[in-house]
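A.B. asks: Residue numbers (this note's numbering), protein chains in the order written: chain A, 1 to 565; chain B, 1 to 174.
These aren't lab readings, by the way, just hints derived from the structure by calculation. Worth double-checking, as some hints may not be accurate.
[Said to hold, decoys possible] Dumping the calculated DSBU-like pairs for lysine-lysine here, alpha-carbon to alpha-carbon at most 35 angstroms:
{"id": "1", "chain 1": "A", "residue 1": "K140", "chain 2": "B", "residue 2": "K48"}
{"id": "2", "chain 1": "A", "residue 1": "K397", "chain 2": "A", "residue 2": "K330"}
{"id": "3", "chain 1": "A", "residue 1": "K17", "chain 2": "B", "residue 2": "K77"}
{"id": "4", "chain 1": "A", "residue 1": "K535", "chain 2": "A", "residue 2": "K452"}
{"id": "5", "chain 1": "A", "residue 1": "K376", "chain 2": "A", "residue 2": "K427"}
{"id": "6", "chain 1": "A", "residue 1": "K373", "chain 2": "A", "residue 2": "K169"}
{"id": "7", "chain 1": "B", "residue 1": "K83", "chain 2": "A", "residue 2": "K140"}
{"id": "8", "chain 1": "A", "residue 1": "K504", "chain 2": "A", "residue 2": "K457"}
{"id": "9", "chain 1": "B", "residue 1": "K51", "chain 2": "A", "residue 2": "K9"}
{"id": "10", "chain 1": "A", "residue 1": "K306", "chain 2": "B", "residue 2": "K73"}
{"id": "11", "chain 1": "A", "residue 1": "K64", "chain 2": "B", "residue 2": "K83"}
{"id": "12", "chain 1": "A", "residue 1": "K293", "chain 2": "B", "residue 2": "K48"}
{"id": "13", "chain 1": "A", "residue 1": "K373", "chain 2": "A", "residue 2": "K306"}
{"id": "14", "chain 1": "A", "residue 1": "K400", "chain 2": "A", "residue 2": "K349"}
{"id": "15", "chain 1": "B", "residue 1": "K77", "chain 2": "A", "residue 2": "K169"}
{"id": "16", "chain 1": "B", "residue 1": "K11", "chain 2": "B", "residue 2": "K128"}
{"id": "17", "chain 1": "B", "residue 1": "K11", "chain 2": "A", "residue 2": "K180"}
{"id": "18", "chain 1": "B", "residue 1": "K141", "chain 2": "A", "residue 2": "K191"}
{"id": "19", "chain 1": "A", "residue 1": "K140", "chain 2": "A", "residue 2": "K180"}
{"id": "20", "chain 1": "A", "residue 1": "K184", "chain 2": "A", "residue 2": "K504"}
{"id": "21", "chain 1": "B", "residue 1": "K51", "chain 2": "A", "residue 2": "K306"}
{"id": "22", "chain 1": "B", "residue 1": "K120", "chain 2": "A", "residue 2": "K144"}
{"id": "23", "chain 1": "A", "residue 1": "K172", "chain 2": "B", "residue 2": "K83"}
{"id": "24", "chain 1": "B", "residue 1": "K13", "chain 2": "B", "residue 2": "K120"}
{"id": "25", "chain 1": "B", "residue 1": "K120", "chain 2": "A", "residue 2": "K400"}
{"id": "26", "chain 1": "B", "residue 1": "K48", "chain 2": "B", "residue 2": "K107"}
{"id": "27", "chain 1": "B", "residue 1": "K73", "chain 2": "A", "residue 2": "K172"}
{"id": "28", "chain 1": "A", "residue 1": "K169", "chain 2": "A", "residue 2": "K38"}
{"id": "29", "chain 1": "B", "residue 1": "K141", "chain 2": "A", "residue 2": "K144"}
{"id": "30", "chain 1": "A", "residue 1": "K306", "chain 2": "B", "residue 2": "K48"}
{"id": "31", "chain 1": "B", "residue 1": "K77", "chain 2": "A", "residue 2": "K140"}
Note that the structure is predicted; figures quoted are calculated from it, not measured.
Read off the chains here:
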Amino acid sequence: MQGSEAIIKALVAHGTKHVFGFPGGAVLPLYDEFLAHKEIEHILVRHEQGAAHAADAYARVSGKAGICIATSGPGATNLVTGIMTAFMDSSPVIAFAGQVPLSLIGNDAFQESDMMGITLPITKHNYQIRDQNEITAIIKNAFKVALEGRPGPVYIDLPKDIQSAEVRKEVKEIEIRGFKPVTKGHPRQIKTAAEMILNAERPVLVGGGGVLLSNASRELQKLAGILNIPVATTFMGKSCFPEAHPLALGVLGMHGRKVANYAISNADLLVVVGCRFSDRITGNIETFAEKAKIIHIDIDSAEIGKNVPVELPIVGDAKNVLQQLIETVKKVARKGETAWSKKMRRFIKECNCNIDVKGTPIDPRKLVFELQKVLKEDDIVTTGVGQQQMFAAHFIKRTKPRTIVSSGGAGTMGFGLPASIGAKVAKPESEVFNFDGDGSFAMTQQELATAKVEGIKTISVIMNNAYLGMVRQWAELFFDRRYSEVYLSRVPDFAKIAEAHGLKGMHVERPAEIGAALREAIKSDEASVLDVIVKEETNILPMFPAGGNIADMFGGCIKVKGKFF
Amino acid sequence: MIEGKKEREAKHKHIVGILVEDQPGVLAKLSGLFSRRGFNIETIIVGKTAKPGVSHIVISLLGGDRTLEQLEKQLNKLVDVIKIIDLSPERSVVREHCLVKVASNPKARADLINISKLHKTSALDIGKDYMIIEVIGKPQKIDNFLDLMRKYGIKEVSRTGINAMQRSGQNNHK
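With the sequences and hints as input, model every part of the structure.
C.D. replies: Encoded structure:
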């Protein structure tokens, strides 16, 4: 058996059904082997960044590892943005790239780049396979490291000669001494947490991306239900708690819902699950949840106390810890309505403003409104990065876990389209919508070729405001409307771009056309692009500025100021 | 300069032992972590342990307690890190090794040899206008000795950085 066969066998052994990749000189032996192994479907992208994003979204939707492959040098460096995106959002991606033969490493050979050095700060771990006999064991460990504990990307460097070398003494197992994630919460901490929760008058649960990663949505709902506690989610945690639930506060943070941010500001206890307290969540750390004690549940102990001091840390897997908490509080009491929960239920209703905004040019909220109407609960929404992403965060309601996929921590423009491809491959029975911006979409639009040729149906809905909308918004609000290099001039014509790929492209300029265009796209068997012309200068509000207080949001429809309790 | 929270903390010296996989690139992983998270490492030494495949790293750094806690947690996340050992001076034996090249003409030579003997250091090499002296001890002892040498004229100093070992336990062999 050659090294390349060992690689594919190891992938198959770990349940890999799809890989996203782009071949090249240094991975030729591996690609040659794909011809003999039909157990794995290879999806040929048009740029390696697309492969990494697709693998990332595949992982986020399925919970399994997402695999991408590139050649050495520029192929590998093109993966970097995608690996970093996966790293920031704790997504289990395993990225393979070819490398020059072992004997040439360090000689500045053709298409050589030090990927071990480059991926060092953006992976959970990386491996360079220097002995073909270790391929099986290293890939096994890569899956373990990527998926267990706090998930994250793993990079594997594959020197070309290793791929074609004969595996004679296969090493099946290499012990990883330094990797033993804690999964259960400490019983004493659980007991204390239960007491704190039962004694709190104004508790709020906060679900982060960790709730989705550990598949703990049901447990979170159960705990909220037993104790009547309102639940906010971070943007990364969006969809971990059904947003139509009467206790759902929605997304908190910079562009979150006021009701969520105000609840945090007035709470006396926060139970925060699987969240790293990013600056986009907390705003000014000094005033963040200043009246509240914080219980922080996270599988990564390094996140606890990193940004925000907490009263009670619980290290463990969200699902296990929430189960333990439910067991403990269940014995004591169910909690009926409290003054706090009643008040919150009322505010949650009031905070649902009308987004059926009439008029031409189209208001972005109207676009969200129409999209929401056709969205089924199993459908998946991916997004680009910018205003359109925050419109999605704020207004689109998701009720099932893992049904929204977006680049949160990294904020990677161009994520939407390749992510929609990865999501569709992971869940072909669901409709996948890429809610994108004109700036973002243009960054990876070449992946329309992937969608066409591989027959992957996704629907790109481009909120086209002709601007780099979010940068423009900040320039308007914080730089006296001095617009520097933010106007994109409505170039290119995205409908024609779609048509050039043999796909359906539609122009939408009037509110009444949105619904029909969406329905046509849904009916079609192929990918399509809706170029929706929206108002050029609209802001996504409410918001608080970077480093501002979360209780001091401006804009949006609840008129009451932050401290309305 | 804008002060970060690390600068505002009350700082003191910490010594941390790290057992790592003896693999290529491990030191790069560690030093990359130190620089990107802004940990200011004063000294670092690396060597073998009694167990094949396991290397021992000792670092000393100046920082507050929160910084130290973050450092230990972040180090623990590295897959190649097997174990973190607290080597605070109260519970450890702490030593450093230093080579110092001092200017010495025949007149000063006797003097230097006497001082050297008194401080239990060894003269390793004697040339016509210099002398290389080896000092082993606590970092403070080395500082003091170097102070004494100053008036003769220090030409070169090479210190290993702090090495330390816990007074109890058998961390290296677990």
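A.B. asks: Each hint should be assessed against the structure and marked as holding or not.
C.D. replies: Hint by hint, here is what the structure shows:
Straight-line distance between C-alpha atoms of K140/A and K48/B comes to about 28 angstroms, which keeps the hinted pair within the 35 angstroms bound. Proposed proximity of K397/A and K330/A is supported: the alpha carbons are some 30 angstroms apart, at most 35 angstroms. As the CA atoms of K17/A and K77/B are separated by approximately 29 angstroms, the hinted pair is consistent with the 35 angstroms bound. Note on K535/A and K452/A: the hinted pairing holds, with a Cα-Cα distance of about 30 angstroms set against a maximum of 35 angstroms.
Among the hinted pairs, K376/A with K427/A is consistent with the structure: their alpha-carbon atoms are about 14 angstroms apart, no more than 35 angstroms. A C-alpha spacing of about 59 angstroms is found between K373/A and K169/A, which places the hinted pair above 35 angstroms, so the restraint is violated. Distance hint between K83/B and K140/A is fulfilled; the C-alpha atoms sit about 22 angstroms from each other, no more than 35 angstroms. As the CA atoms of K504/A and K457/A are separated by approximately 11 angstroms, the hinted pair is consistent with the 35 angstroms bound.
For the hint pairing K51/B with K9/A, the CA-to-CA distance comes to about 33 angstroms; that is within 35 angstroms, so the pair holds. Proposed proximity of K306/A and K73/B is supported: the alpha carbons are some 10 angstroms apart, at most 35 angstroms. Restraint check: the Cα-Cα separation between K64/A and K83/B comes to about 29 angstroms, which is no more than 35 angstroms; the hinted pair holds. The hinted pair formed by K293/A and K48/B fails the criterion: a straight-line CA distance of about 46 angstroms is larger than 35 angstroms.
At roughly 41 angstroms between alpha-carbon atoms, K373/A and K306/A are farther apart than 35 angstroms, so this suggested pair is violated. A distance of roughly 20 angstroms separates the Cα atoms of K400/A and K349/A; the hinted pair therefore holds under the 35 angstroms criterion. Note on K77/B and K169/A: the hinted pairing holds, with a Cα-Cα distance of about 31 angstroms set against a maximum of 35 angstroms. Of the supplied pair hints, the one linking K11/B and K128/B is violated, its CA atoms being roughly 44 angstroms apart against a limit of 35 angstroms.
For the given pair, K11/B sits about 31 angstroms from K180/A by alpha-carbon distance, which is consistent with the 35 angstroms threshold. Simply put, K141/B and K191/A have alpha-carbon atoms about 50 angstroms apart, too far for the 35 angstroms limit, and the pair is violated. Taking the CA atoms of K140/A and K180/A, the gap is about 15 angstroms. The hint holds against a cut of 35 angstroms. Of the supplied pair hints, the one linking K184/A and K504/A is violated, its CA atoms being roughly 50 angstroms apart against a limit of 35 angstroms.
Proximity of K51/B to K306/A is assessed by CA-CA distance (about 34 angstroms); at most 35 angstroms being required, the pair is judged to hold. Our distance criterion of 35 angstroms between C-alpha atoms is broken by K120/B and K144/A, whose separation comes to about 53 angstroms. The straight-line distance between the Cα atoms of K172/A and K83/B is roughly 25 angstroms, inside the 35 angstroms bound, and the hint therefore holds. Only pairs whose Cα atoms come within 35 angstroms are accepted, and K13/B paired with K120/B is accepted, the gap being roughly 26 angstroms.
Distance check on the hinted pair: K120/B and K400/A sit about 73 angstroms apart at the alpha-carbon level, beyond 35 angstroms; violated. Pair hint K48/B plus K107/B does not hold up; C-alpha atoms about 43 angstroms apart against a cutoff of 35 angstroms. For the proposed pair K73/B and K172/A, the alpha carbon gap of about 30 angstroms is at most 35 angstroms, so the pair holds. Taken as a hint, the K169/A and K38/A pair is honoured in the structure, with Cα atoms around 26 angstroms apart against an allowance of 35 angstroms.
A C-alpha spacing of about 48 angstroms is found between K141/B and K144/A, which places the hinted pair above 35 angstroms, so the restraint is violated. For the hint linking K306/A to K48/B, the alpha-carbon distance of about 32 angstroms falls within 35 angstroms, and the restraint holds. In summary, the hint linking K77/B to K140/A is supported, as the alpha carbons are separated by about 19 angstroms, within the 35 angstroms threshold.
The structure shown violates the earlier hints numbered 6, 12, 13, 16, 18, 20, 22, 25, 26, 29.
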